[in-house]
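Student: Chain by chain, the residues:
Number of protein chains: 4
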Amino acid sequence: MLKVAIIGGSGYTGGELLRLLEQHPHVKIAAVTSERSKGKPISTLFPNLKSCRLKFESFKIRNIIKKADLFFLCLPHKTSQEAVAGLYKAGKKVIDLSADYRLKNASVYRKWYDIQHKYPALLKNAVYGLPELYRERIKCASIIANPGCYPTGAILGLAPIIKSAFIDSNSIIVDSKSGVSGAGRNPALPFMFSEVSGSVKAYAITIHRHTPEIEQELSIVSKKKIKINFTPHLIPMDRGILSTIYVKLNRKVNSTDINRIYKKFYANEPFVRVLTDNEYPNTKAVVGTNSCDIAMFVDKRKNSLIIVTVIDNLLKGASGQAVQNMNIMYEFDETTALKTASTYP
Amino acid sequence: MLKVAIIGGSGYTGGELLRLLEQHPHVKIAAVTSERSKGKPISTLFPNLKSCRLKFESFKIRNIIKKADLFFLCLPHKTSQEAVAGLYKAGKKVIDLSADYRLKNASVYRKWYDIQHKYPALLKNAVYGLPELYRERIKCASIIANPGCYPTGAILGLAPIIKSAFIDSNSIIVDSKSGVSGAGRNPALPFMFSEVSGSVKAYAITIHRHTPEIEQELSIVSKKKIKINFTPHLIPMDRGILSTIYVKLNRKVNSTDINRIYKKFYANEPFVRVLTDNEYPNTKAVVGTNSCDIAMFVDKRKNSLIIVTVIDNLLKGASGQAVQNMNIMYEFDETTALKTASTYP
Amino acid sequence: MLKVAIIGGSGYTGGELLRLLEQHPHVKIAAVTSERSKGKPISTLFPNLKSCRLKFESFKIRNIIKKADLFFLCLPHKTSQEAVAGLYKAGKKVIDLSADYRLKNASVYRKWYDIQHKYPALLKNAVYGLPELYRERIKCASIIANPGCYPTGAILGLAPIIKSAFIDSNSIIVDSKSGVSGAGRNPALPFMFSEVSGSVKAYAITIHRHTPEIEQELSIVSKKKIKINFTPHLIPMDRGILSTIYVKLNRKVNSTDINRIYKKFYANEPFVRVLTDNEYPNTKAVVGTNSCDIAMFVDKRKNSLIIVTVIDNLLKGASGQAVQNMNIMYEFDETTALKTASTYP
Amino acid sequence: MLKVAIIGGSGYTGGELLRLLEQHPHVKIAAVTSERSKGKPISTLFPNLKSCRLKFESFKIRNIIKKADLFFLCLPHKTSQEAVAGLYKAGKKVIDLSADYRLKNASVYRKWYDIQHKYPALLKNAVYGLPELYRERIKCASIIANPGCYPTGAILGLAPIIKSAFIDSNSIIVDSKSGVSGAGRNPALPFMFSEVSGSVKAYAITIHRHTPEIEQELSIVSKKKIKINFTPHLIPMDRGILSTIYVKLNRKVNSTDINRIYKKFYANEPFVRVLTDNEYPNTKAVVGTNSCDIAMFVDKRKNSLIIVTVIDNLLKGASGQAVQNMNIMYEFDETTALKTASTYP
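Protein chains in written order, with this note's numbering: chain A, 1 to 345; chain B, 1 to 345; chain C, 1 to 345; chain D, 1 to 345.
No lab work stands behind these hints: they were computed from the structure. If you're wondering where the values come from, they're calculated on a predicted model, not measured in any experiment. Each hint should be verified, as a subset may be incorrect.
Stated by the list, open to error - Result set (DMTMM-like, lysine to aspartate or glutamate): computed pairs, CA atoms no more than 25 angstroms apart in a straight line:
id : chain 1 : residue 1 : chain 2 : residue 2
1  : A       : Lys92     : A       : Glu82
2  : C       : Lys78     : C       : Asp114
3  : B       : Lys339    : A       : Glu334
4  : B       : Lys50     : A       : Glu132
5  : D       : Lys252    : A       : Asp168
6  : C       : Lys50     : D       : Asp257
As the list claims (entries may be wrong) - Some chain D residues close to chain B (C-beta under 8 angstroms, calculated; not the full set):
id : residue
7  : Pro41
8  : Ser43
9  : Val180
10 : Pro187
11 : Ala188
12 : Phe191
13 : Met192
14 : Phe193
15 : Ser194
16 : Ser197
17 : Leu249
Ideal Cβ placement from N, Cα and C applies to all residues, glycine included.
In isolation and in its complexed conformation, chain A is listed as follows:
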């Protein structure tokens, strides 16, 4: 049994890790920490985990280090920097759900996160935990920088064609729509029910921190410097991200050709489903699962391509992907604890 610990486990990503790992046949949750809730039973914060017998404890690195071999970190960025470094030095494996080790370039990190990275040398050791792109490297990684929710949907939507000669890689626009759980679990006025319900708004236009993360990965795959427009929106629903991606085409292609490229690219992927060209992705079909559904549409009048992806922001966009990464690292079947179909409706 693999012993794991969840650091900062009282938020939504922590809750989903608990739920998934409790069902995992090869894993034992050795510790869950939360400074604010230390001493409380897990079930007081997660009414869906009534049978869970664990309690939150305080995160003291010296105590906790002996308890587990793999650490899931659900800490805010900046705090996570330190914790990852400490655990790494102690020879532990880490899956970091924060943004702290995702950007390879410390100066890009500094620009977008407004702080200096204290362990820039460690950045190159971290593997960006998107299995569809980095499965081999994940297998032997010590530090997994688990991707952001928006980047997961955007990168999976673009990876199959970003290298292609028939798109204009300079024209990419990602317009994303997210459920409210993406904002985390800390009480704040803009995410109160009565403020959000029955309403939609855009936010962080031109300045969202997931922008450089998407650009980094698209640049790596395409071997070109790519910049994008990215606009996130807040939707009155708990979970789910739908990303509508616009790309200019350099030449005439049809939907069937594009579809074939995607089908091939994701042929062996357990969690990516390429829809045939008349089906519209719907977050309701993926919420509660680790799947990403993708559909693509050619606009012949404009000679452009519209790609739509949907994921569950807390699963494929966070904790599900973290468990998928763990499964890969420890050579468990990659779908272990991640097979459930979602309920409908």
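Keeping the supplied structure of chain A fixed, place chains B, C and D upon it in accordance with the hints.
Tutor: Quick look at chains B, C and D alone, frame taken from chain A:
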């Protein structure tokens, strides 16, 4: 492998049966019928079941009878009467999710459903499929009358104390709040998003057909003729039923005593969770599961008891309970395919 | 022009007062206070009031007292005690939206609110601001104790028959369902979108502070000591309260008789609509208005009466009623600024 | 008093017209028609209009033509063609909320709507009813082609800069998010509460019929042939459309410059509010009103412009704009019956 068929499988209860049975290790779904959608792949109606390879077929009893041993019926009442009788005569086992075989008394059925029962003699063969009350009889039943959604929450909330001398069994009021999926999947104006969203209403006051079903079961358990007030409400949410039950107390008792009675009554039940007295049941904690959470509160000022139960109307209130009944009938572990914790949020 | 001030105006009731009073032809809003938001334009907190040119200021009684003649107080209970007393002594008129002057009996207040009332002698000067019961006294009141949201719906539902010999006034149960705005605007985990969405729960069972308020008013009208069961529920919607009220009947009456009593009782009321017996009240029909819709149903099988009322908790349940009270006090047409029909859907 | 009739008044746009026109001091509603609901009181279909004494009648042009001078048509496209022509020939004024007279080019109409226009000669008589562009022509129009909901938000967002040399008019992408009431009031599975709730999806990608309408108006304003990408999305909310519009910039400009252009363009418009550059439009701020809020953001990294507009799809996007057009045609104050601020939350 047990071969099962789902008759009338294009609605929400059919979809949940499909989802649950696909994960069941001892079951093979041999056929799914739908008159309206015959020929269509399952996945066109259930976007969450993309990997399901089945297609809807038409329900012809002669053809289908050879395909399966157990039949789940998700037909409208009245239509179900006939189908149950036909399958029963052919020696098949049936779990009927309609109301047609729930009421033991054909004249009560006639009064509330406005039609004559054509197979009154069969009523006594049908076992009311509430495992917490009838587990032994379910084991050898041929026809299971799977309980209604409201009755499940109401009866589980009252069963432990209905026989007790310290309540006034004549004073019971059940005030229930249900998600919209309880109304089924047929398009109708009152259940359109824009009509329901942001709104609550009561309906079928004094005339809801689940009333005699609740009364029948409470009367059987208590060995007294019991009548209740029952008022259902429509809540702007997909799933879940919360029932608030009011009962007068004949003598002074406190919450701890009541709690003890419930804990004892449900001590060995895998799907009933008796909350300790300060926790309020929340549908969000049970949606996606087969669990029923129950809490009880004594109002000392009024010498009355308030019991609150929550279930998922499509699972413990319909398809989950149907699978639980199947597990009992075929001596599978009772929780097979029903163990998942729900997502949160 | 009547000069008014709103004290504690940054919450939802403050926002609704601002919206209503800005449209009022005989009123000038002279000041709006908020300690937390002082200096900020109103529109930064209320995106619907973009054209409003006012700014929040700090509440200093000496400064503000000269600015206005009538003061709307949207302060938390306890804080309001002091403010009401200060304004009253300065000869000002006050409409207090807090609970501080609603309970006539200081020891009942102490029991339910856990604090001592510092101005018990003032309680008898305060008029309970429910126009349907106290219109004449409101006309010359100096202090209006504006009713709570749940009490408004409950009392209006019971007032016409509470004196009647054919009901058992000892049997009253009020089961209420409220939108989330009733919890106020302070950020707190239980009212975050992702916690509330898609879910229903009961809360404060047997201990909600609106209980003695309902009991006081029913006792006054009926001239009997009345105690009730009251259970509030949280519904995933912004606004609206639906109350389902259960009463035992002492003799046989039918719905038509009951309906006639209600029609007569509310014959001249501009904001109470008695529905005919087959229409179910729906919060969507009253949200955005100052109306209360009432319907009544006799359950012949149980010889009991079910009354359903719906209001907008922020309008008839708070700010709308406050403006109605002001209209009465200053002899404006009672419906001024309150006539709008709600949007649908 | 102007006598008006509403033809096809049982849907959501009909309901909003009824609500607005009932409050209008210079208008008398002479007739409301609905084939499906003829004979029924208005209030049975619109619970918010309980005090309305009108009944639906059947639409017989000979009878109805004498009753009113101005006709609001809320008919499906194709049906509306005929009705407009008939009323026009009878010398009546018409505000047509369908799409039938919006496209000036009958062959474009045929291509997108799959039917032949039977009165192509009438198209040139119809004025596109967007007051911000066509106020003068609206004053003396006989037929108003009331704009579509998506086009209203898109065109208002682009009109001030579409002629400008610093944008690439070939690069326009409109990504719109709409509430469910935009789909109308006819019961259909995709718009049932349980299908839509908690979910977002794109639809009609590359093929939505509002595309040529947006293109036509942008082409007229800019005097260039303009084609756009347009993608609509369905959001789990009743009302509101948010459009996120992407345009490439040909030269460096900053947000302040852009803001100044918009402020100037809309300086005298009663229903367009240009937000200052750090405020994000929110549908909640305009729902229930006839306002359009607009904000613009320059993405310096990509040298592109992002414009965000929000409207209420049933008001500025349909019935509110229709009443605004009527006010202009009959020289009433343009804001009559349209001044209300929305409730919040």
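Student: Look at each hint and say if it fits the structure.
Tutor: Results for each hint:
1. Under the criterion of a C-alpha separation no larger than 25 angstroms, the hint pairing Lys92(A) with Glu82(A) is consistent with the structure, at around 14 angstroms.
2. Our distance criterion of 25 angstroms between C-alpha atoms is met by Lys78(C) and Asp114(C), whose separation comes to about 10 angstroms.
3. With a CA separation close to 21 angstroms, the supplied pair Lys339(B) and Glu334(A) stays within the 25 angstroms bound.
4. For the hint pairing Lys50(B) with Glu132(A), the CA-to-CA distance comes to about 20 angstroms; that is within 25 angstroms, so the pair holds.
5. Among the hinted pairs, Lys252(D) with Asp168(A) is consistent with the structure: their alpha-carbon atoms are about 22 angstroms apart, no more than 25 angstroms.
6. Of the pairs offered as hints, the one joining Lys50(C) and Asp257(D) holds, with about 22 angstroms between alpha carbons and a cut-off of 25 angstroms not exceeded.
7. The criterion of a C-beta within 8 angstroms of any C-beta in chain B is not met by Pro41(D), whose closest approach is roughly 16 angstroms, and the hint is violated.
8. Evaluation of the Ser43(D) hint against chain B yields a violated restraint, the C-beta minimum of about 15 angstroms exceeding 8 angstroms.
9. Below 8 angstroms, beta-carbon pairs count as interface contacts, and Val180(D) has one with chain B at about 4 angstroms; its hint therefore holds.
10. Among the interface hints, the one on Pro187(D) holds; its C-beta lies about 4 angstroms from the nearest C-beta in chain B, closer than the 8 angstroms criterion.
11. Of the supplied interface hints, the one on Ala188(D) holds, with its beta-carbon coming within about 5 angstroms of a beta-carbon of chain B, less than 8 angstroms.
12. A hinted interface residue such as Phe191(D) counts as satisfied when its beta carbon comes closer than 8 angstroms to some beta carbon of chain B; here the least separation is about 6 angstroms, so the hint holds.
13. Restraint check, Met192(D) versus chain B: the minimum CB separation of about 6 angstroms is within 8 angstroms; hint holds.
14. The interface hint given for Phe193(D) holds, since its Cβ lies 4 angstroms from the closest Cβ of chain B, which is under the 8 angstroms cut-off.
15. With 8 angstroms as the threshold, the beta carbon of Ser194(D) comes within range of chain B, its nearest partner Cβ sitting at about 5 angstroms, so the hint holds.
16. Using the Cβ-Cβ criterion of 8 angstroms, the hint placing Ser197(D) at the interface with chain B is satisfied: the shortest such distance is roughly 5 angstroms.
17. Violation of the interface hint for Leu249(D) is found here, the shortest Cβ-Cβ separation to chain B being roughly 38 angstroms, above the 8 angstroms cut-off.
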